[in-house]
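Kindly generate the complete structure, drawing on both the sequences and the hints.
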Amino acid sequence: MSAEVKGRDRLVGIATPVVLLGLWELAAHFRLLDARFFPPPSAIVHQFAALIASGELGTNILASLKRLGLGMLLGGLPALFLGLAMGVSRPLRAAIDPLISATYPIPKSAILPLVLLIFGLGEMSKVVMVALGAFYPIIINTVVGVANIDKIYLDVGHNYRASRWQVFRTIALPGALPSIMAGVKLAVGMGLILIAISEMVAANDGIGYMIWNAWQVLTVDTMYVGLLVIAVLGFLFSVVLDEIEHRLIPWKGRA
Amino acid sequence: MAIASVLNKQGRPELVPSRPQLSLSGVSKYFGTSGFVALDGITIDIPQGQFFVIVGPSGCGKTTLLRILAGLDTQSAGTVAVNRTDEKRPVNSMIFQGDSLFPWMTVFDNAAYGLRMRRVPEAQVSDAVRSWLERIGLWRFRDRYPNQLSGGMRQRVSIVRAFANDPEILFMDEPFSALDEQNKLLLHEELLRIWEATKKTVVFITHSVDEAVTLGDRIMIMTANPGRAKAVLDVPFPRPRNVLELRQKPAYGDLVFHIWEQLREEVQRARQNAEGEKA
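The listed protein sequences correspond, in order, to chains H and X.
All the letters of the first sequence, read from the start, carry residue numbers 10 to 264 under my numbering.
All the letters of the second sequence, read from the start, carry residue numbers 95 to 373 under my numbering.
Certain hints may be false.
[What the hints assert, rightly or not] Derived pair list, reagent style DMTMM-like, types lysine to aspartate or glutamate, alpha-carbon separation capped at 20 Å:
(1) Lys324/X / Asp304/X
(2) Lys160/H / Asp193/X
(3) Lys261/H / Glu283/X
(4) Lys324/X / Glu360/X
(5) Lys261/H / Asp134/X
(6) Lys182/X / Asp134/X
(7) Lys324/X / Glu355/X
(8) Lys261/H / Asp251/H
(9) Lys293/X / Asp237/X
(10) Lys160/H / Glu268/X
(11) Lys324/X / Asp134/X
(12) Lys75/H / Glu13/H
(13) Lys343/X / Glu268/X
(14) Lys261/H / Asp193/X
(15) Lys160/H / Glu216/X
(16) Lys194/H / Glu254/H
(17) Lys194/H / Asp251/H
(18) Lys324/X / Asp203/X
Just so you know, the hints here were simulated from the structure itself, not pulled from any lab data.
Here it is as structure tokens:
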């Protein structure tokens, strides 16, 4: 594709939301839209600035990010190690696969009351919710990634007398990495959903709390700010993860 | 003795081995309960430094035989004896059919794989890999990943990976079958060039009679179902060989024709068997 066409695509991509926001602003201004439900973008920007100035937004974002980060580690690391072990060991896979298949379809949000019961209203319950969300996509993708490594690579490893550990380090792990990264991306998306839900139900800060509280006190502008922040966070995560993926998996080439 | 004369003809100043490097005795392989006989009593001695080619129709068990020799599979009966000349060197390295380079490693890391797995000091690894990659003209591609190389280049890297590991025996499982004719010709020349410089024992599997006659010192023709050794014959052409010149010689054509005659019966029989099973 030529650079010219690419540039035009990018321009169109930026223009579409800008035009829509302009139409929204005009519609709200001329009362074609109910400003109680759809406050004009200018009002949302105004509220955004006010929330930043008061420090409220910063506090809430940090609280959510901290839970998200801890939850990703708490759920992601065991999922990664267990997944790699399952990928390598057939008996382990046979033992644990049914458990995962059986518990995976349970909506994580449905487990929230149980998690609250066990971990209370403190930080831990939110972290555990994110961890649950991160665990499944990562373990499933890791197992698949290791198990689907082309058999010829294992033959090469055996023929060149690689030890079990060497096979793991030079073949299983790098071979599964693309699939693992796909799992991590899904996990982050799931984490964002779950952090918003659990903060709505059981928290005194965080973006989810901010949105829920805005509904309760009917500050609709703040609600939109919260949604905007989550959207932007999701976008930033995907940019960062793409970059990490490119660094970790240089042989794949940039898509 | 035949072995000694072969080696002398190659101008080898080193010891003439009293025992063959590889000695197969009654190697057989059966699959499952159906009693399918993939290999039936293969018995052959392969002297040190010989380029030994096994040629046969697909499904004759030649790849199974090679995997047994390389320790990637086990025989149902019979013995495989390997005579080692140097305990420190690895027994064998295999050049696989198709793409076997690790996509996640650069050309350099792929070529260094065998040496690194046996924990050769990195300085030595670096020297060996460099000299091998230079010899085959791929040193400037050392930082590329396999998906950035052509099929011919990839197969050259896997040849380097095996040679750099400095094994006593090299196993090659139809390493050029996926390449086009031009690339195949170039790689035959390249393989002969580096092999003639090292004179390692080679067991080479192929279904191509031309390839067998071009490369080999001795050829074993295999039959299919059951996989048996039908004939073993010497290739009388001197070394170093020039692939194109060799192919113009009448003797080359005669030998190819002779092998083809033997194989044709086998291919026809295999086809009849396959059709019989379908019907």
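Holds or violated: lysine 324/X to glutamate 355/X, with C-alpha atoms at most 20 Å apart:
With Cα atoms ~12 Å apart, lysine 324/X and glutamate 355/X stay inside 20 Å; holds.
Holds or violated: lysine 324/X and glutamate 360/X, Cα atoms, limit 20 Å.
Status holds; Cα separation ~10 Å.
Could you grab the alpha-carbon distance between lysine 343/X and glutamate 268/X and see if it respects the 20 Å cut-off?
Violated - the C-alpha atoms of glutamate 268/X and lysine 343/X are around 25 Å apart, more than 20 Å.
Tell me if the straight-line CA distance from lysine 261/H to glutamate 283/X falls inside 20 Å.
32 Å, violated
Decide if the proposed pair is consistent with the structure: lysine 324/X and aspartate 203/X, CA atoms, cutoff 20 Å inclusive.
With a Cα-Cα distance of about 41 Å, the restraint between lysine 324/X and aspartate 203/X is violated, given a limit of 20 Å.
Checking one constraint from the list: CA of lysine 160/H to CA of glutamate 216/X, max 20 Å. Satisfied?
28 Å, violated
Is lysine 160/H within 20 Å of glutamate 268/X, Cα to Cα?
17 Å, holds
Within a Cα-Cα threshold of 20 Å, do lysine 261/H and aspartate 193/X meet the stated pairing?
16 Å, holds
Would you check the hint for lysine 293/X and aspartate 237/X, treating anything up to 20 Å between C-alpha atoms as holding?
Not satisfied, since the Cα-Cα distance of roughly 29 Å exceeds 20 Å.
Verify the proposed pairing of lysine 194/H with glutamate 254/H, using a straight-line Cα cut of 20 Å.
Cα-Cα ~10 Å, so holds.
Does aspartate 304/X sit within 20 Å of lysine 324/X, going by the straight-line distance between their CA atoms?
Cα-Cα ~18 Å, so holds.
Holds or violated: lysine 160/H and aspartate 193/X, Cα atoms, limit 20 Å.
11 Å, holds
Checked against the numbered hints given earlier, the structure breaks hints 3, 5, 6, 9, 12, 13, 15 and 18 and satisfies all the rest.
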